[in-house]
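All chains, full assembly: derive it from the sequences and hints.
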Amino acid sequence: MTMMESDQLLRVEDLRVEYLTEAGRVRVVDDVSFNLRRGEILGLAGESGSGKTTIALAILRLLKPPAVITGGSVVFEGRDLLSLGEVELRRLRGRKIALVTQSAMNALNPVLSIGEQLADAIREHERVGRRSALERARRLLDLVDIDPDRVRSYPHELSGGMRQRVVIAMAMALSPSLVLMDEPTTALDVAVQREILARIARLRQERDFSILFISHDLSILLELCTRIGVLYAGRLVEAAPARRLLGSPQHPYTGGLIRCFPHADEAPGPRPRLVGIPGAPPDPRDPPPGCRFHPRCGQRLPACQRSAPALTTVATDHEVACHLTRS
Amino acid sequence: MTYLLRRLVFYLLAAWASVTLAFVIPRLMPGDPEATMFARFHGKLDPEAMTALRRTFGFSDEPMWRQYLDYLGHVATGDLGTSVSYFPARVGDVIATGMIWTLFLAGLAVVLSYALGTLAGILAAWRRGRWLDAVGPPLLVLLGAFPFFWLAMLLLFLFGYTLGWTPVRHAHDSQVSPGWTLGFAWSVISHAALPAITIVVATAGSWMLDMRNTMIGILGEDYITMAHAKGLAPRRVMFRYAARNALLPSVTSFGMALGFVLSGSLLTEIVFSYPGQGYLLIQAVRSLDYPLIQGLFLTITLAVLAANFLVDVVYVWLDPRARSRGAP
Chain A
0 MTMMESDQLL
10 RVEDLRVEYL
20 TEAGRVRVVD
30 DVSFNLRRGE
40 ILGLAGESGS
50 GKTTIALAIL
60 RLLKPPAVIT
70 GGSVVFEGRD
80 LLSLGEVELR
90 RLRGRKIALV
100 TQSAMNALNP
110 VLSIGEQLAD
120 AIREHERVGR
130 RSALERARRL
140 LDLVDIDPDR
150 VRSYPHELSG
160 GMRQRVVIAM
170 AMALSPSLVL
180 MDEPTTALDV
190 AVQREILARI
200 ARLRQERDFS
210 ILFISHDLSI
220 LLELCTRIGV
230 LYAGRLVEAA
240 PARRLLGSPQ
250 HPYTGGLIRC
260 FPHADEAPGP
270 RPRLVGIPGA
280 PPDPRDPPPG
290 CRFHPRCGQR
300 LPACQRSAPA
310 LTTVATDHEV
320 ACHLTRS
Chain B
0 MTYLLRRLVF
10 YLLAAWASVT
20 LAFVIPRLMP
30 GDPEATMFAR
40 FHGKLDPEAM
50 TALRRTFGFS
60 DEPMWRQYLD
70 YLGHVATGDL
80 GTSVSYFPAR
90 VGDVIATGMI
100 WTLFLAGLAV
110 VLSYALGTLA
120 GILAAWRRGR
130 WLDAVGPPLL
140 VLLGAFPFFW
150 LAMLLLFLFG
160 YTLGWTPVRH
170 AHDSQVSPGW
180 TLGFAWSVIS
190 HAALPAITIV
200 VATAGSWMLD
210 MRNTMIGILG
220 EDYITMAHAK
230 GLAPRRVMFR
240 YAARNALLPS
250 VTSFGMALGF
260 VLSGSLLTEI
270 VFSYPGQGYL
280 LIQAVRSLDY
290 PLIQGLFLTI
300 TLAVLAANFL
310 VDVVYVWLDP
320 RARSRGAP
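Chain order of the listed sequences is A and B.
Residue numbers for the first sequence follow numbering that gives the first Met the number 0, beginning at 0 and rising by one.
Residue numbers for the second sequence follow numbering that gives the first Met the number 0, beginning at 0 and rising by one.
For the record, the hints were derived by calculation from the structure and aren't laboratory data.
Quick reminder that beta carbons are idealized off the backbone N, C-alpha and C, glycines included.
One or more of the hints may lead you astray.
Listed next, the stretches of chain A that the computed footprint assigns to chain B, with coverage defined by at least 3 CB atoms under 8 Å from CB atoms of chain B [to be verified]:
(1) 50 to 62
(2) 88 to 98
(3) 105 to 112
(4) 311 to 320
Following this line, the structure appears as structure tokens:
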């Protein structure tokens, strides 16, 4: 992959996360590597259990036991986060890299007003008084179209969409250069989902930050992201610019995902049948040998059961881990 | 605030019901309660005390509703009648002296036990699997599992008699005259130390375990991950985000514990001959001092209700959801 060093904001290399259980080690993220360039929205797609949330939490080193990072590196703005001290890491969290968690319902502390929670983030990193922090909290709410007077509100007094916007405002609080968004719209209904996505896109134009956007919904990623990585059972199987991924998916799994949803821009006429991917993702405690997708793959070769294909560049900025593309 | 008002009305109704029960129950006793009751005192009490006793219970030839209204009036004005065993002292005065000591000893011990146990539970959950978490709960639960009076007697024997570190009975030295003096304060503190420690040792374990378990659940919540992701200092996450939420269920149990302070310290007070409510109650039962028993039960009931109301107020203050939704 050709890329200017200065372009790179985040480089995840051979990241490995394992659950250290009494029954043994379970590898949930298996040597995943990707780059995130400045100004980019990188999407990570995958079914539940594919390791996408784990990757986000691993970047901020927020994993809880038994999940442990057992290998690789996470280089952010030239520094390896995995070897950073606890205090330095804390200075980075929220200020340089912010997180928007999966469920808006539970992401806010129920006993603190949203103003206090926004102010907490600001005051942890900057020497500002309570009042000016609350004033900034008001402006942040305004930024996500919430009445600034709601600073006094408690989470239970807000709708799901509003809560999610508060969490986004919280991520914006210290103007981070990277925001990790883990399924930020999954728990919301479709109309609210649209609104939040539009909000995120607009904010990014105004404030210039990069996003790692994690979702199980490839259609959302295709719409929002500049580049997309597809995860399957803890491994990155394909990574390409969004358009290219939609136009010419190389991995059978990516192709299967794309055929899972209808396309609005299709030519009129008879619609192609929507097909799912037969089978279910493997049990991470006992993954199949070789390519992990081969039991569900319609195009498998004898080699697929024997060896795991390595990620190879097939075109500019397009990488695939599949035996089919080599032969 | 309508929520608190509703609760207040509920507690007032409950108080009225308990006061009424105290009136009705003696009158439901089979046979003639008055005769049964007074037969025991026949010849032992002077006529004046007998009349006082009759008056206390409102036993008279007046119609029932009249008796009931009189009784309510007496209770409302704090007139609980005259004690038989402490004759001619008023029941209200007798209870007041006992209550001061109980509130001091058991109140302090229960608050201390709650504070220490809860703090230990927070730390144990935060450092799950480390030494405090490994040693604390089993040890304290083991101590709490001993029969309470046995633990009290063991400590009394060990520290009071064998080592002679602490006084063995009463609330203060009889040679020191009560007053706002350093000597008296020291005497009171040294007398309260051992019984208080007994209560703390026996009860802190369950607080710790409760808090630890709730806290571990809370630590798995998304808002804890978010708090860490904001870069907040660990102590801030631990107290402001995790413990603040984990505290909510335990506040309710704490209210119950506070309510039973007035009755629950019975065993401690007996073992340490501490002149509190429990000690009074035993004395009253032994000497069949019905007015005093009735007065004590009333104060205990009212204390439980008052403590619960206090908990409701604290809950509303701690949990914004209780303010709008209406149920903790």
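Checked hints:
no. : hint       : verdict
1   : 50 to 62   : holds (count 3)
2   : 88 to 98   : holds (count 8)
3   : 105 to 112 : holds (count 8)
4   : 311 to 320 : violated (count 0)
The structure does not agree with numbered hint 4 stated previously, though it agrees with all others.
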